[in-house]
Amino acid sequence: MSESYDVIIIGGGPAGLSAAYSAWENGAKKILVIERDRELGGILQQCIHNGFGLHHFKEELTGPGYAHRCMELIKDKPEIETLIDTMVLEITQDKTVVAVNPKKGLLELHAKTIILTMGCRERTRGAIRIPGERPAGVFTAGAAQRMVNMEGYLPGKKAVILGSGDIGLIMARRMSLEGCKVEAVLEICSFSNGLTRNIVQCLEDYDIPLYLSHTIVKIHGSERVTGVTVAKVDERMQPLPGTEFDIECDTVLLSVGLIPENELSRGLDLKMEPLTSGPVVDQRRETSKPGIFAAGNVVHVHDLVDFVSEEAEIAGKFAALTAQGMLEGELKHVEVTTGDGIRTCVPQRLSLPEEGETLRLFMRVGAPEQKVRLEVTSGDTLIVSKLLPFAKPSEMIALNLPAEKTKLISGDLKVALKREA
Amino acid sequence: MNCLREADVVVVGGGIMGTAVLRELSKYDLKSILVEKEPDLAMGTTKANSAILHAGFDAPNGSMKARMNVRGNTLYHILEDQLDLDIKWTGSLVVATSEEELATLRELLERGRKNGVGGLQILSAEEVLAKEPNLTKTVTGALWAPSAGVCWPFAAALSFARSAVQNGAEIFTDCRVEGIVVADGKVTGVKTSKGLIKTGLVINAAGLYADEVAKMAGDESFSIHPRKGEYILFDKTVADKMVNGIVFPTPNKTTKGVLVCTTTHGNTFIGPNAEDIEDKDDRAVTITGMDRIIASAKKLLPEIPLGAAITEFCGLRAASDSGDFIIGKSRVAGLLHAAGMQSPGLTAAPAVAEELARLVRELLPMVHLKKGFQSILPKKTVFHRLSRVKQAAAVQKNKLYGRVICRCETITEAEIVAAINESCGARTVDGVKRRTRAGMGRCQGGFCGPRVTQILARELGIPVTEVLKERADSHMFYEKEPAAGEEA
Amino acid sequence: MAVEKRALTCIVCPKGCAMTATITDGLMTELTGNSCPRGKKYAEEEILAPKRMLTSTVRVLNGELALLPVVSKSSLPKGRILACVEELRKITVLAPIAEGQVIVTNILGLGVDIVASRSMPAAEKD
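Protein chains in written order, with our numbering: chain A, 1 to 421; chain B, 1001 to 1488; chain C, 2001 to 2126.
Don't read these hints as lab results, they were simulated from the structure.
So the derived list for chain A, only partly shown, Cβ under 10 Å to chain B, looks like this: (1) Asn101; (2) Arg121; (3) Ile128; (4) Glu151; (5) Gly152; (6) Pro155; (7) Lys157; (8) Glu223.
Footprint (simulated), chain A over chain C, 3 or more residues, beta carbon under 8 Å: (9) 2013 to 2023; (10) 2049 to 2063; (11) 2078 to 2085; (12) 2115 to 2122.
Values in this document were obtained by computation on a predicted structure and should not be read as measured data. Virtual Cβ for every residue (Gly too), placed ideally from N, Cα, C.
Build the full structure now, drawing on both the sequences and the hints.
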């Protein structure tokens, strides 16, 4: 099989499906979505809890419900093809996608434009160097979630969860409902990275203690986990001697962060950003390589799937327009830099036409903040400023820049927090 | 006790040493059996070590270690093709950062030449940095040994084992030696957890437990102490920030020191430390151990991307009280030792195997080389290493090559199924990992672990809840809670 | 007269005010720590009749997967969530299932249906 497409989308999760729909809406005639799993929908299929879609679909959905809405969008459109159970092995510089699938074998597919929507993966034990042996019973929260919600098995009977991000909190409730005793959730930071609603409804409802500024200093057991030693940490996140205590458990779930999955991007030699671990993109979600776009968690990890869809629609639109040769004309290129208080900002570059272009900046702060002013400046010109009553690192900030404002951008754009005196 | 088998030779221990001996014995007209207490081969010291095939300049002139090291290195160059071993002949550097250390290098060079190591050379600081640009700029020179390399130790042990089985040897796993029967000062059998094996010859390759096996026959001539070594393994994506080959610091009296080393699959590790401990089952990685190896490795490689660590592990070296290999006849007739096989034990293993086979022939003079010994092990298909054309052909022949299970290492379902169904096949999730590398990548089985569990269940015809990670009681998953009052 | 104090975290907005409610004979008589009226409304509800959405799974036969995710049509009394989960454990359904299909009508007489949160095609025969 060797075929040519206007747009090939790598990854059939919410980003890929939203990008496909948007590419279709914008006139692309031959679109292909490639998904490695046995069905479309991505990680949403295992996120059976609700709370998705309030922004994007204006109703509260479960993960599978959100995935279903995305799939409905691309259904029965002859211009959109999908391949499931298919792994992309390589993307070459000339936009040839080499993929493999049990039924169709090795595929070589050609694209005018490519959208990378591979999502992200979980950080594992190795990355955080937890001492101890390597028994069975240490899982990432997402792997456990898939087993519990899709495959029908329990990872254990008595669990400790490391990390209080939303996945960790959601799994604390899920495991409790399935009859597993969750002994504790540990968080190395002095604040939780999860939504308050999840702390209340996933932990407090089930009397699960949350230990802030605590971490696992040793995993016990050589065959199966038998327990963990926990210690309090200082401001530098170093364990404090003398504060250790043991918790008996047979399972440790790790919810210690997500990393964009960029193996294929690296193969393409795309310019990457160390802080997001994703490719550098402009406001159209085009990467450093013309015709290669990226959107969703592969660019930067999101907390709301709604924003993933939104970003993917942008990528889908501009990939489709590029494929149809509809984006001619000179563009002004500027960098987006981050200043005080802002850890990351996507896009990292802007490619603006003379008349400006409506765009949205997605940012994360470095630490919890209250009553700060978010300022976007270009040289001496203040482009936009917005008061933030509070900001948390775990909650992405979205800021609109209308075309008439982006028209004013003369040089590099800077986003920073300004603290009120 | 029921009689399980009768054999000419029983090899105790299924690590690199035991399997190398078994393969060597399988060249002869002998009934050879290997017994291993663990559910899989290569689960002890062979599983967690530096994976280096040393050139042979460390050991004192004229020592058994020196002879076996140099010969072993030569043999791996031959076995590489026959047994489809994954070896990268990278060469090794011993790096000096002072004048005194340079003097030590010159001693090593001299010693190495006397040991028969070819190609040794002292490199200037510029030459060293040309080879390894990320090393500390304080380097003053290095000893270059081109014949050193890195291998994949457990795959090597499995290849030895499978070659031996191909040539008629038999292997029992989950088969613990409980006693050695000695009558009139001569070995007559081995009592195992699976029954008695009648034999007149026992080869003790029991690694950390070699002293305990010897004791069972009444030989208390040596003891083995575990010496812990911890490692940190890094993602392939940072390989360009690390080293291209094997980089040792200049050794001191007790240890070769913490090294920075590439692996045969393109990862990098730092380690090991060396800590004498009591407990032969203590494989716990410690904070102090990790801190120590990071600090030591930084002296060689100042910028280590610690965030790219993918796993930490710990191995136990089997150190004998004499510090040398214990190879040869016990005072108990019919018992031969291949014990105390600490570094360079992995390199020496095939040479030690030759030596032991020679002793076996001395003891059993009627034994001859077997006709039709198959020296070549059929090559495994490693999908991601095939050309695109061959990949397409592989999927055509077996569609399971078209399903990638381990996405970090691009390991297909067909390779996993083959690893379960081949001789000495995998029975556990870690067994699959050791044979195929599924789960060895940056996600460490986070994604593929559950899928491998399901494939194992399907291929072995057992429920998912009975699949083990490694040893007994290391279950991966449990049944969900049934409704109250309902049968599970 | 029974008076108790209860700590609550407001979940109405991301600010997450730490509130303290005084409860007299089951009714909230005082609230401190809230920043807005929405917090008060939330606290009153949490004290008087806390409710939660329920998401879980039921077993499915002949489906592409072993489990079917389900969701309550609207929220359920918090105190009955575990009983509802126990009820769902008893249920096995047969694929194919359509998204939104009612799996349990009026669970435990609480007036809320449990519905499938995704469709589940029948397993493909190899």
